[in-house]
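Participant: Each residue of the sequence shown is one higher than the last, beginning at -12 in the numbering used here.
Keep in mind that a hint or two might mislead.
Here are the in silico distance ranges between beta carbons for each label pair [what the hints assert, rightly or not]:
#1 Arg21 / Ala46: 29 to 39 Å
#2 Thr32 / Ser(-5): 38 to 48 Å
#3 Ala(-6) / Thr18: 18 to 28 Å
#4 Glu20 / Gly(-11): 19 to 29 Å
Simulated from the structure, these hints should not be mistaken for laboratory data.
Glycine included, C-beta positions come from ideal geometry on N, C-alpha and C.
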Amino acid sequence: AGLVERASGDLDGRRKPAVLTAQGVAFEARTAERLRTLLAKAYRTGGLDGVAGTRRILAALAGPRQGVGPTRRVVA
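Given the sequences, and given the hints that come with them, work out the whole structure.
Facilitator: Right, dumping it as structure tokens:
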């Protein structure tokens, strides 16, 4: 029993849409709540003062860098 299962379509049995299982619904609820908490914290940290605030919000959402992605700025 995983988080998602395939179900037969209502009108066309060849279509098998993916649907959340009970475990999937519970996982999605926990994940959404965690995201809401992180977003609220990020907005409290960054404020709403335009571009600078947005950058602070995105940085807060991203968390500390862990050695992935570019480490230097490339100027065109």
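Participant: Are the hints correct? Go through all of them and say.
Facilitator: How the hints compare with the structure:
Checked against the hint of 29 to 39 Å, the C-beta distance between Arg21 and Ala46 comes to roughly 18 Å, which is inconsistent with it. Between Thr32 and Ser(-5) the beta carbons are some 47 Å apart, a value that agrees with the proposed interval 38 to 48 Å. For the pair Ala(-6) and Thr18, the supplied restraint of 18 to 28 Å holds, since their beta-carbon distance comes to about 22 Å. For Glu20 and Gly(-11), the Cβ-Cβ distance of about 21 Å falls inside the hinted range of 19 to 29 Å, so the restraint holds.
Hint 1 from the earlier list is the only one contradicted by this structure; the remaining hints agree with it.
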